[in-house]
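Make the full structure from the sequences, and use the hints.
Taken in order, these protein sequences are the chains called A and R.
The first sequence begins at 1 in our numbering and counts up one residue at a time.
The second sequence begins at 1001 in our numbering and counts up one residue at a time.
Since the hints were derived computationally from the structure, they do not count as laboratory data.
Some clues are possibly wrong.
To be verified - Partner residues are not named here, just some residues of chain R that face chain A (Cβ under 10 Å, in silico): (1) Arg-1028; (2) Leu-1097; (3) Phe-1101; (4) Gly-1132.
Quick reminder that beta carbons are idealized off the backbone N, C-alpha and C, glycines included.
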Amino acid sequence: MGIEGVGARVARKEDKRFITGGGRYVDDMVVPGMKHAVFVRSPHAHAQIKKIDVKRAQSMPGVIGVLTGKELKADGIGNLICGWMIHSKDGSPMKMGAWSPLAVDKVRYVGDAVVIVVADTKGQARDAAEAVEITYKELKAVVDATKAIQPGAPQVHAEAPNNLIFDWEIGDGKATDAAIQSAAHVTRMKIVNNRLVPNAMEPRAALGHYDKAEDHYTCWTTSQNPHVARLVMSAFYNVAPENKLRVIAPDVGGGFGSKIYIYPEEIVCLWASKKTGVPVKWVADRTESFLADAHGRDHVSTVEMAFDKDNRITGLRVDTIANLGAYMSLFSSCVPTYLYATLLSGQYNIPTIHANVRTVYTNTAPVDAYRGAGRPEATYLLERTMETAARELGVSPAELRRRNFITSFPHQTPVILNYDAGDYNASLDAAMKAADYAGFTKRKADAAKRGKLRGIGMSCYIEACGLAPSAAVGSLGAGVGLWESAEVRVNAVGTIEVLTGSHSHGQGHETTFAQLVNQRFGVPIDSVSIVHGDTDKVQMGMGTYGSRSGAVGMSAVAKALDKVEAKAKKIAAHLLEADEGDIVIENGEVKVAGTDKSLPWFQVALAAYTAHNLPSGMEPGLKETAFYDPANFTFPAGCYISEVEIDPETGVTDIIQFVAADDFGNIINPMIVEGQVHGGIAQGIGQALLEGAHYDGSGQLLTASYMDYTMPRAGDLPSFKVSTSNTPCPSNPLGIKGCGEAGAIGSPPAIINAITDALGVVDIAMPASPSTVWSAIRAKKH
Amino acid sequence: MSDVSLTVNGKRVSGSVEDRTLLVHFLREHLGLTGTHVGCDTSQCGACVVHVDGRAVKSCTMLAAQASGSTIVTIEGLANGAELHPVQAAFKEHHGLQCGFCTPGMIMAATDMIARHPQGLDEATVRAELDGNICRCTGYHNIVKAILAAAQTMSKGAKGKAKQAA
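This is the structure:
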């Protein structure tokens, strides 16, 4: 390993601009003549739009345009789509209601966009937005998915009777029933996974610019996948053909899934730019982010886990109701199905599984992928159930898990996935050692002497990442392929540009992707530039989510590097009059193995471009493109242990220690991997202890600011003890599994298992806030 | 409209702004200093922290007109030319940032925090002092590490200077 190569703890190249104020986010963009937009949003969760009067707003100072959904529809702008078709178990397709970028007849959640106001300044746009008069006829709203499917509940979309979008199943119901009936023991639980708001620190933003002379649109947007945005806006929303639409996602301040989707605002800004003749910029206020960013989680499930007399799991039955909110967001349908139920085997050998999932419309913000996306829900359900089962069976949680671990690979689960590699005992051992698990009993006793309640909890998670083999996801209903592209351009002086369809919004690709090139050619990472986030520069790409940039994006780069290397070796062999097979590239030199003959790297590059002396028939230049379609999902896994201490007087939970032992396969930059784990754990602890999106019965979001929604702050968290024990992934050329989501997946059950252990209760709701914990202690006493 | 005149990163600047213009918007939109960010609308997140007359201030809590006459340092003015401020250097070295959005506010808050604790900092103090700055990427782990390291570096530097002076 070189000092900048694969496996090295290299400080990030991109940091310079971020620590000096030189980052360039969408809100920092200024285009000549640019004006500012504010959206008028529905204050009601469910209402008919009777009348929209924009006259007074149009006459306000600085106002350039006040535009409605009727005008948008008249111009042929399409409805938003969901990109993954799911069929119900009766064979019928999912029942999708229309989602107009600006509501026309009806609003379905608080925050639904109705009118866009464009003015010289944001202040003027805001003033005019308040002067838009909309007459609503309020309708009864429903926010709870379990109530929404009851007969007589308010109907969100006419297309979906009883608000049921689909009723889907996976696995073998009969075999699972039989396993449960013949079990020596069955553990039953109701599991609620609380609704969260992703809260990337940069609010969403869009800047639409229509160039009349060229009949061409440019959209700067806070996107994790600008090419997907261009594709969808062209193919489905009729904004413009792809060659007439450039989408740029510059520096993006965090995503966590919430910036995958194509939202109404960017479509409307592009359309409004043409309509008003000025570039139109919109930047969300934080409250708009709370109201109108896609939320995450919100599942209610029942689970039955069957055991034989030796404490081996014999079957698992799960019934889940998933709240998808008022509209089906871009990937909302695959999250509670193929990203959730396929993970219900966890790290365990389970002979038969059956899961039924009903997805439901409610008058709440759309719900889609949020860090982990389905996999945290599966892990929480499974690991809470394992913990409860261990307590019921009177065995240690570690022992019950070990008894059921999958230990031979490949392993075909009963729910589609084929695990390729892993060592679950290794992660569990590492975590227990790091946590001094053996010493817990004494620490608990010491805490008790001080009047405190100590608990310890573990969670053994697995996730499916590296999304995904295109043919496989296509057969399951995906509207897109999930490959990635790369282009490696060696310049005539030997410096290198790597163009990737992955998008970095905090993950550090400018460094890790350059490390891959350094490893191959010995070129310093300062001489390697990573180009991403612009559809005019990078031909095509699927973007960054599902921990895919390393496993899929970098694999594409590796393939392109293979081709560059092969051509460079041919050129060098020709120049050095050697056999191509004897050429090696090391430390920036191209050498003939076993001799002192060599050329510096840049001379090979130069020779490719001068083309004065190339092998006969070879094209000039040194630039190669590759598309990589993964052969399988990747399966990061690990074990997390948390130890908590609760003050019974106040209900406050202190996290004494948090240990993570992960298996991510091969690692490019351990510093960056650790950072990803830290951030994921913080979000998972946030879910377990602090965060929750709450709507009141009328559909008003009660947690719509940082005054009401508890974001994890530095004082809420400990420093984390993280480590890895890695089994390389056999299905991609780099052996990478992915690390972006693990922390958020594995940590919530570890925390709740520790809290329920401390309190001696079966379950406690997330977030386990001080009042919730205090109430649980009181309820137990009385 | 209000006329404002102040010193920003060592330069005298003036302008005429709507009365309701916040300091953060004046910095970003009138002066083009876009390193100072807006992450919320309730003065909770701290992405907009700058130094006003030597103290860390959330620039969304102050009108531009109120800041007239004061001396402001933003993230763009923290480094000494090409030489990074020790807090900036520590954030890079310890991977105290990911998406970079909260980073300017974190760094400005941290420099102020270190200045207010000449006796040194410990982890608990750093975590408590960061209450007004939200990060969604790092879990704070490496931010805390970076601030503690920078505090050490700066205290060594200060001792060195004191020695030289003596």
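Hints, verified against the model:
| no. | hint | in the structure |
| --- | --- | --- |
| 1 | Arg-1028 | holds (8 Å) |
| 2 | Leu-1097 | holds (6 Å) |
| 3 | Phe-1101 | holds (3 Å) |
| 4 | Gly-1132 | holds (9 Å) |
Checked against the numbered hints given earlier, this structure breaks none of them.
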